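Trainee: Protein chains in written order, with the working numbering: chain A, 1 to 166; chain B, 1 to 197; chain C, 1 to 382; chain D, 1 to 375.
Please note: incorrect hints may appear among the correct ones.
[Unchecked claim] In the SDA-like style, the derived pairs of lysine to any residue whose C-alpha atoms are separated by at most 25 Å in a straight line are:
(1) B:119 with C:7
(2) B:119 with D:167
(3) C:243 with A:70
(4) C:48 with A:73
(5) A:73 with A:111
(6) B:119 with A:163
(7) C:199 with D:240
(8) D:172 with C:27
(9) A:24 with C:231
(10) C:337 with A:132
(11) D:109 with A:163
(12) C:48 with A:141
(13) C:356 with A:119
(14) B:183 with D:270
(15) A:73 with C:185
(16) A:136 with B:151
No wet-lab data here; the hints were simulated from the structure.
This one's a predicted model, so the numbers in the text were calculated from it and none came from an experiment.
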Amino acid sequence: MNPAEEIKQLFPDSVVSVGQQIKKPLAIIKKEGLLEVAQKVKEMGFDNLSVITGIDYGDRFEVVYNFFSYVKKQNLVLKVVLGHENPEVASLASIWKVADWLERETYDLVGIKFRGHPNLKRILLPEGWMGHPLRKDYDMNVDQFVTIGEDGEDIVSTDGSNLLRR
Amino acid sequence: MDPLTIDTTKIKITRRQPVTAIDKLNDTGLISTLLAAREREGLILFSTIDQVFNWARLSSLWPVTSGLACCAIEMMATSMAHHDISRFGMEIFRASPRQADLMFVAGTVTKRMAPRVKKLYEMMPDPKWVISVGSCANTGGPYHESYSVLKGVDLILPVDVYIPGCPPRPEAWLYGIIQLREKIKNRGYGAKWGLNK
Amino acid sequence: MKTDELLINMGPVHPSTHGVLRFKLTMDGEIIRNCEIVMGYLHRGTEKLGEMKTYMQFVPYTDRLDYISAFPNNYAYVKAVEELAGIEVPLRAEYIRVLTLELNRIVNHLVMIGSLLLDLGASTMIMYGFRERENALALFDMLCGARMTFNYIKPGGVREDMPEGFIPKLNEFINDMDMRIDDYEQLVSGNEIFMGRMKNIGVMSAQDAINYGMTGPSLRGHGVNYDIRKMEPYSVYPDLDFKACMRRECDSFARYMVRIDEMRESLHILKQVVDQMPQGKAETHAKYGIAPMTGAPTAVSTYFPRIFTPPPGEVYSRIEAPKGELGFYIVSDGTIKPYRIKIRSPSFCNLTAIPKMVEGLMIPDLIAAFGTIDVVLGDVDR
Amino acid sequence: MWTGDIMFANAYELIVFILNFIGIYEPINNIFKTLGIEYVLRIIIVFIEIAVLLVFALLTIMFLTWMERKVVAMVQARYGPMVTGPRGLLQPVMDGIKLIGKEDIIPAKADRWVFTLAPFLVFIPALLIFIPLPFGESLIISDLKVGLLYLIAISALSPIAILLAGWSSNNKYSLMGAMRAVAQDISYTIPLALSAIAIVLFTGSLSTVDIVTAQNGTWFGFIPKWFIFLQPLGFILFLIASIAEMGRIPFDFQESEQELVAGFFTEYSGIKFAMFFLAEYAHLFSVSAIVVTLFLGGWSFPILPYLPAVLVPLVSFVVFLVKTYAVIFFAMWLRHTVPRVRIDQLLNLGWKIMIPLALLNLLVTGFLLTVGVFK
Chain A
1 MNPAEEIKQL FPDSVVSVGQ QIKKPLAIIK KEGLLEVAQK VKEMGFDNLS
51 VITGIDYGDR FEVVYNFFSY VKKQNLVLKV VLGHENPEVA SLASIWKVAD
101 WLERETYDLV GIKFRGHPNL KRILLPEGWM GHPLRKDYDM NVDQFVTIGE
151 DGEDIVSTDG SNLLRR
Chain B
1 MDPLTIDTTK IKITRRQPVT AIDKLNDTGL ISTLLAARER EGLILFSTID
51 QVFNWARLSS LWPVTSGLAC CAIEMMATSM AHHDISRFGM EIFRASPRQA
101 DLMFVAGTVT KRMAPRVKKL YEMMPDPKWV ISVGSCANTG GPYHESYSVL
151 KGVDLILPVD VYIPGCPPRP EAWLYGIIQL REKIKNRGYG AKWGLNK
Chain C
1 MKTDELLINM GPVHPSTHGV LRFKLTMDGE IIRNCEIVMG YLHRGTEKLG
51 EMKTYMQFVP YTDRLDYISA FPNNYAYVKA VEELAGIEVP LRAEYIRVLT
101 LELNRIVNHL VMIGSLLLDL GASTMIMYGF RERENALALF DMLCGARMTF
151 NYIKPGGVRE DMPEGFIPKL NEFINDMDMR IDDYEQLVSG NEIFMGRMKN
201 IGVMSAQDAI NYGMTGPSLR GHGVNYDIRK MEPYSVYPDL DFKACMRREC
251 DSFARYMVRI DEMRESLHIL KQVVDQMPQG KAETHAKYGI APMTGAPTAV
301 STYFPRIFTP PPGEVYSRIE APKGELGFYI VSDGTIKPYR IKIRSPSFCN
351 LTAIPKMVEG LMIPDLIAAF GTIDVVLGDV DR
Chain D
1 MWTGDIMFAN AYELIVFILN FIGIYEPINN IFKTLGIEYV LRIIIVFIEI
51 AVLLVFALLT IMFLTWMERK VVAMVQARYG PMVTGPRGLL QPVMDGIKLI
101 GKEDIIPAKA DRWVFTLAPF LVFIPALLIF IPLPFGESLI ISDLKVGLLY
151 LIAISALSPI AILLAGWSSN NKYSLMGAMR AVAQDISYTI PLALSAIAIV
201 LFTGSLSTVD IVTAQNGTWF GFIPKWFIFL QPLGFILFLI ASIAEMGRIP
251 FDFQESEQEL VAGFFTEYSG IKFAMFFLAE YAHLFSVSAI VVTLFLGGWS
301 FPILPYLPAV LVPLVSFVVF LVKTYAVIFF AMWLRHTVPR VRIDQLLNLG
351 WKIMIPLALL NLLVTGFLLT VGVFK
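Chain A on its own, in the form it takes in the complex:
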């Protein structure tokens, strides 16, 4: 049976709908039920969390989880829809270790918060960067500059006079 259907049977309350992403079974999950569904998904043998994608649709955020099972050789896509104001979803870092960085990256670039993440801070951009670049309302015209502080950590500011040549 299709794993998405299986999940739907097990968690009828948490699953909004099931469908098909090109060649892959897809289940849309309510954000409250994500953690328990994810635990079940792991038990079902989906040991590889391929990728976490956060998408800004302007009025909502979607977080997409692509799973693969080395045991069953099956794909599964889970999708969570979040509101645009203060998006937050449970972290899967305790189940899949790789989720740690993938979630940090999603937080960094899209600005989705992951509840219960052990170390939720920016990963690609320096700490203190203003805005989340992959949101559609990110202002590309503001130049931000980075300088190094006393302790070797980055300091972000819009003033590049310390860095640029006069």
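Position chains B, C and D relative to chain A; hints supplied.
Mentor: Relative to chain A, chains B, C and D alone:
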């Protein structure tokens, strides 16, 4: 031989085969260094010493090991057997900037990396030279529109030679290196002292 | 005796971090107690740029992700777009693509083995690796005029058919490489010091490796016989005879040996590709494009249009890149530009395993383990 | 014909002999004698010796840097320096001039005095090692009675200087490099000395000249009486230990580039860095020379007895150089072929394998000598 593949090991720097002793001396760059320095203004008293130093500096440019992005792989390719910059005495890549003379800014300088590149440059002892390699380091290149890329390394450092390309082929690197050698031969100093401000 | 922990900052400019990665190491003498990886020094905002470009314009950016093996990047993206838009590709184009992919796999492993040995202190292997790499690059050069950033594979096929005289040159290369790999094994694999440095270093169980998201050759060194080319066959791989190379030792040496085996396997594939190469066009005709081709509105172009609009939808498509699973998640909203591109890069996910792997080891072991994970910073930071 | 005896105890006597031969020693000596300052002449001659040695050492070092780069190029299928001067021979000169012209940076947080002192402390012992080295028949600055002890003692000085350099730089990489260098030197001086002692059992003398003369002659007319044939295990141990002493790959922990950037001289620039660089190559030469002296017969060679006595110093000098450069070539070849071992593997090798083996070697040698097998 296929016209598309150029065996660069066959290309020599000398314009012609040295025949006489004076030609050989000429090819080492000493005479032209002397002649070029003669035309420089001022410092007549020390000009000969200057010329010797310039000759030494152009002959032993030790680059600092700092690859930033794609161009760093071509930097490796340039220093490897096929293109072999050790012919110019440049194969001693120093990992510590304190012992280097030349910095290849090889690749995209991101906003986050920029202060570190600058610090690396400041750690190098004088006299020092910078070659900016690739479109990204020259102007930002394909990433010019990006939010996190510095639009040209010359915004933060004085650059002596720009090598275009994305990434430049090793032949272009060699040409850039030869240009820098010419520059040191003629001027003796780099962009730091007012050139290219 | 009271001892204090030493905080060492390796990078971002350090000879053995393969670019601009930074390790924050908490050391107890020479032993690493905690390793924190700081990255993002090469974050170029590729994903954001993807939203500003048309589907075709984004292909060159994929070249610059994993700049050592650019063909697989091209292909992974193009495959996702083709799945999204439902574009079919002529068989010859698929064969040429597989040819470039496997050739690039060899190049990637050559660079990886060379730089691994360089990090261990043996500076000669990288010279040999790059010598053969130059030969392969000459082939790429013939194919598309570029050495590293190819922009060759594009939606609907490949940009140009193979030039004349390419296949003989390729055969020459294959025959040469067969011999060279034996040389490398003699120089490196049997070396006592090398084995002492690699065996039982960076050990991680298969379960952990999967959990940390390791894929590709790095994972196959842990006894997981998993290759996307086999499990989710794409392109013409089902027609080719090859096996996924696997080792069971779970240490750095196993991960290294997988690379050597893969080079042999790639040569084997290349030989078959050369034998089976079909005749025909290397590019599909313009039937699938919806927007007309710009610039030449009247002429009936035989080329695939530069601007086209896939139907709205989402796709996650992945391939077996030389470094692991390379996937593109593309969201289309029915316009000429992708709505969102997410790159699942193998280096990024493989790197997550490093802090766990090197706990209790020394800096030289960190370098050895890190070298066998085969990370390119353009791929990590994107 | 050369009888096999040493003609002059050291180079001083050789110079005096040459001056006498030309016929100018007596007049000069008389002048100094009438002034009552004979010792000044002695000092002048010694100074000449030292000047010649210094020039020789510096030229050798420069040549070695060039040779290193060419050997690497050979191993790695490329050309090496070839633009500067014929075959790139001027390359080391240019490097030297350039390094003199570089800015000399002392880091703000460094200990200025120690930081400045350290390169000298590395460089001077590297030159001092040359004093009891027998470069050829009669070509020795001073034939010390404790020559071998002197060599080992002086070469054990460098860790102190390296530690000073690493500590004063106030850089973690430098400090780690220095610590490693000291650990390595301490653990490898012991097998080095132990395998050298086995030689002393044969000669009964610590003088380097005695060690070389003991290796004159042949067995069965064609096998030279070099200690490598009597002490094969000792030779291997000594070679490994001396490569470790040189600090070259596979044992280059003090400056392992991929781990510690540039090790203990990470912070050094300009002329101070040049001194470390020169000291490294001086060490390479002197340690190779010690290997040759102890195990490969020094300047002795089976054809020497067939030569006229006048030519012997010259020919023996050439023989010595050829042998030394062979060992140096081996070290360079090794450097670019094998990877670096790990520091704990190195110490394990030193303490757990090499020292027991060296002791065993010593024991067996002593036993065999006592029962008279080698007499």
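Trainee: Which of the listed hints are broken here?
Mentor: 4, 5, 15
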